[in-house]
Every structure is written in C-alpha cells, then in structure tokens.
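Chemist: With the sequences and hints as input, model every part of the structure.
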Amino acid sequence: MAVIDARQLKTRGLDTQTLTPPPSLSAQNLSLDPRLHDINFSVNAGQILGIIGPNGAGKSTLLHCLTGLLPHTGRSHLDDTDLTALSPRERARCMGLLPQQTNSVWPLSVHDVVSLGRLPWGDNDTTAIANAMRATGIETLATARIDRLSGGERARVWLARVLAGQPRILIADEPTASLDLYYQQVVMDCLRTYANAGHIVIIAIHDLALAAHYCDQLLLLQNGVSQASGTPADVLTESLLSQVFGVPVHVDLTAQPPVVSARFHRPVA
Amino acid sequence: MNPQDNRKHGAINPDTLAKERMTTWAIPASVLIMLATAALSLGIGSTPVDVLAGLGDWLTGAATPAALIIGDIRLPRTALALAVGAALGLSGAALQGLLRNPLADPGITGASQGAALGAATVFYFGLFPQLGEMAPAAAGLTGAGVALILMLWLAGSAQASTVILAGLAISTVTGAALAAVLNFAPNPYAMQELVFWLLGSVSERGLDHLVVLLPALLLGGLIIWRQRRLLVALTLGEQVAQSLGLNFARGSRQVVLGAALLVGASVAVAGNIGFVGLIVPHLVRPFVGYRPDRLLVPSALMGATLVCAADICVRLLPPGRELKLGVLTALIGAPLLFWLIWKERKQWL
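As given, the protein sequences belong to chains A and B, one line each in that order. Its first residue numbered 1, the first sequence is counted upward by one per residue in this note's numbering. Its first residue numbered 270, the second sequence is counted upward by one per residue in this note's numbering.
Keep in mind that a hint or two might mislead.
Said to hold, decoys possible - With the Cβ distance kept under 7 angstroms, some of the chain A side facing chain B (calculated, not the full set):
id : residue
1  : THR67
2  : LEU69
3  : PRO88
4  : ARG89
5  : ALA92
6  : LEU97
7  : PRO99
8  : THR102
9  : SER104
10 : VAL105
11 : SER109
12 : ASP112
13 : PRO120
Stated by the list, open to error - Some chain B residues close to chain A (C-beta under 7 angstroms, calculated; not the full set):
id : residue
14 : ARG369
15 : ARG498
16 : ALA502
17 : LEU505
18 : SER512
19 : LEU513
20 : GLY558
21 : TYR559
None of these hints come from the bench; they were simulated from the model. Virtual Cβ for every residue (Gly too), placed ideally from N, Cα, C.
Modeler: Structure (structure tokens):
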C-alpha cells in the first residue's frame, strides 16, 4: 500500500538505488465501538494520506483516536515506536493536530498563537516559530491580533501553530473547510511542502478533487468501516463513490485539475 | 511561498510595538503601584503617625503609641487587604481562563457563597471549637471546596456554559442555606453581626488572620501557577489543549481547587468582597497581550492594589458608621460590570 512516487523522490534528492525505507506510520485494527471498526493503514514519510467519506463516516473519530484524544483499541506504530504507549506529552511532540474548527477565546497576537505549538516541548524555540510563520506566509502578521484577521488568514495561523511544534506526523481535520479557492490552495500547498520535507501528513477531507490532486493515498470510510484504500486512482472510482455517497458521481482523474463531483439530478431552473 | 500573493495584508499596527513593551513592564509596574498603595495605606488613618518610626519601634518591640497604631492596627489591615485582593484577583484570572468566559468570577462558581455559608455556620453553631480562631477560615475553606466539588460534579464534562449554570445552581442552594442560617440566628444582635461580617471588611483583624490566609494564598497560587500552560492552551479550546499533551481533566480540577483555596480563605477571613475577581483580569488583560498565563501574576498584584486602595477610601470617609469594604467594591465594581457588558455588546453590533 505504501507507494513512494517519483515526485517525492525527486524533491527529497534520493537515489532509488540507495533508498532506505523512510519512517512510516502504521495502524492496526483501530476500533472505537460503535463509531470505528478495525481500521488498518500505513503511510510513509513524504506522503499525504487522505481520509474521505460521507458526513458521520468516522473521519474525525479516526483522527482523534490517532492523536489519543479518544480512547480506542488497536495499535499505531511510528517505525518501531508504539504510539499508544507514549505519554500524552511525548505523543504531542510526535504528532500535531489541526482540528476542524479552531477559535481563539482571547484576542492573542498571531505570534503568541503560533508559539502555543511549542507547549509540548516546553520551550519558545524562536527558529521553529519563525519557520512556521514563514512556511504559512504570515510573517508580516506576527504582531496582529488574531480576532482582526480574516477567516483565510486565521486558517494559516492555526496551521502555523501546528507546524511550530515540528511534529513528525501532522494530522489535519478538514483543513480546507470554509475556505475560499485561494486559501484552500494555500493550505494544501503548505501541507504538501511539509510532507515533502519528510513528514507524514494525514488529513480528513471532503473535497475529493483536492484529495485527488494532493494526496498520495486515500482511505474511504463509511459508517466507521474502511471501504477502500490505495492511490487516488484506486479509490476514486465512479461506482465506489456513487455507492458510498448515495448520489451518482462523475470522476475524471485525467483532467487538469482532476474532477470528482456529484451528477445533478436535473438542472436548476 | 506565493510570489504573486496579491492578497497580502495591511501594514502592522504601530501600537503593537508599544504593546509589546507594556507586556514586559506589566509585572514591575504593578509591583511598584502596589507598594506605593501599601505605603499610603500605612500612612493614612484617624491619627497622624510617623510611619517609619512606628514600624521601627514595632519591629524593635518598643511599646510606643506609634508602634501600637502601625504594628497592631494598620499593618495587619494593609497586609490583609493586599492578601485578600491578591487571592481574589488571581482566582478570577484563573477561573476566567479555565472557563474561557470573561464574566466568570469566583461568585459565579458558587465558591464564595459556599465559603460564606461555611464560615457563618461556624459563627452561629460553634462548630470546630478546638480550632479556635482558625474555625471560620477552616469552615470557609471547606464550604468553598464542597460548593466547587458539587458544582464540578453537576457540570460533568466541564463545558464552560454548563459550569456557569451549575455554579448558578450551587450559588442558589448555598444562598438559600445561608438565609436559613440567618433565619435561625440566636438573636438579632448575632444576626446583625453576621450580616456585617458577610458584607466584607479587613478592619479589626490581627496578624493571626494573615496566618490563615497566607498559606492558602501561597498554596492556591502555586497550584494555579503550575497549570498556566493549560490555561494558555485552552485559549484554542479543549481539543487543542489535549492534543498539545496537556491533561485537561486533571488540570481543570487543579485550577478549580486552587481557586477554591484562594476564594475560600479570603471570604473566610474578610467576608464577601465582590467584583474584584471579576473586574481585575479585565483591567490587566490589555497590558499582557490577553495571554491567560501572563495574566496571573499582574492580576494578583492589581487585585491587591485595588482592595488596599478601596480600604483607604473606606478610612477616608467621614467617621461614624463605617462603610464596609465589600459594599464599596460592589458600588465601584457594578458600574464597571455595566461597562464590560456594553463593550461586549458593541462587539456584536
């Protein structure tokens, strides 16, 4: 299942001949009755794994199980490290979570929000914070108050907060939800760059066209059960999606950009 | 990363640099203001006294009138006002951070009502006679603790809105019980005394009251200080705090425990001094960049300053029937609450 594509090899400057296996995350039999049943996957450093499926399929539940926010059975390993056995703090150093909806109760400055990402490390690593702000393009906003930013700018700040913790595994729950086309691309590009730098990125995503373009692997969930997994070409088929989403779906992965959308029953008057 | 990023943001607000500087100076400045207020408090009273000479005499044990006035009357009163104010300011800052609600104050959680009920019960039913002077304070602490435990049990998962509702319920119950204690007070004088005590004051108290309050202040403060990372992480919600490796369930109980210690001890020693815990964090917040962790120490210092200043005002009022400190803080605090709600309302318009 763990496929390394040529683009990734190129960006990381590796030669296929001397390649040692990159660090990988594997999950076995993750279950949380009744929301999630026996989920298995493995994903390598440098890859983005997309979790797709209808509302209520268990995407967020799966991500929360992985980050240890929800009790669950089954194991997850990063290489040989059993993630489920780590202390919450060690786990937080290893994986960062970008929740579906973030809000700041107090009008902190952007810099203060981003520096929260260093909490698991107990330091105030200025380089990590500056790099995270540069990667998301918010350096000029450092001293601005978070409540005065637009939704798109805030989305970058939330992402920078996670990047500041330099997690080996970045988990994002619908990072593009409620963003306009421009910011969807900005956020997904950031995640792609982070993955290419040798990290593991796992996202739950509703926009299947974005998933087709950015993800290396997809895992399709329905009612807490894995329906399919593999490359976007394996998973994003008209018959499978039509069956899972309950609407006729049109798929054209050869188009630029890829098209995955519901076929409308009748034209709007 | 986006060379053609034509949606770049506006210029940086020039105020922000000044604000950064303010953050650095928040603690030293509030220490200075507090010390100045304390010095003023030692110097003000019905009889003009040389403060330094009085302090020197008191420390060396010389039995001069100045030593008596400074050492036995003004010093305990000033120190108590500072300690009570610090406890209230700190607990308010911690609870507002934990509940993520700018209108949370120790009274809203039911802690101060619980403390008042505990202390009042001791006053009139003579519980814990073996504890002597410590009895009202110990009962106040117990009362605050029981009220908070009941409140957290009722609130369950500690969702901010439920905590406030649960606190309201506990306040109502303890308020009713307090009314019952008043109802069954042994005689009218006893009832009058209890009511005056509940109104809140730091006068006519000795240094032994400070012995009750200081350990609670230090312990409660330490417990809350240890959870400062949780408080700042909670700015982005429980989920983020937990994903940052912080234990929300344990941490929030600790903050509540710390706040109960602070409020319980201060109400047990000085009665109800309202609005300090609610207002002080709001006054401090803009100076510390709104960070709940950086808010803690300046809130304690500012609380101490405000209560001490209010007590100076009480002493400056014409002699006769003393206006109780708790009444004065409520009279000053209520308009500030109006202003807060007004400001909050404007945000939504």
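Chemist: Would you mind marking each hint as holding or not holding in the structure?
Modeler: Here is what the structure says about each hint:
no.: 1; hint: THR67; result: holds (5 angstroms)
no.: 2; hint: LEU69; result: holds (5 angstroms)
no.: 3; hint: PRO88; result: holds (4 angstroms)
no.: 4; hint: ARG89; result: holds (4 angstroms)
no.: 5; hint: ALA92; result: holds (3 angstroms)
no.: 6; hint: LEU97; result: holds (4 angstroms)
no.: 7; hint: PRO99; result: holds (5 angstroms)
no.: 8; hint: THR102; result: holds (6 angstroms)
no.: 9; hint: SER104; result: holds (6 angstroms)
no.: 10; hint: VAL105; result: holds (4 angstroms)
no.: 11; hint: SER109; result: holds (6 angstroms)
no.: 12; hint: ASP112; result: holds (6 angstroms)
no.: 13; hint: PRO120; result: holds (5 angstroms)
no.: 14; hint: ARG369; result: holds (4 angstroms)
no.: 15; hint: ARG498; result: holds (6 angstroms)
no.: 16; hint: ALA502; result: holds (6 angstroms)
no.: 17; hint: LEU505; result: holds (6 angstroms)
no.: 18; hint: SER512; result: holds (4 angstroms)
no.: 19; hint: LEU513; result: holds (5 angstroms)
no.: 20; hint: GLY558; result: holds (6 angstroms)
no.: 21; hint: TYR559; result: holds (4 angstroms)
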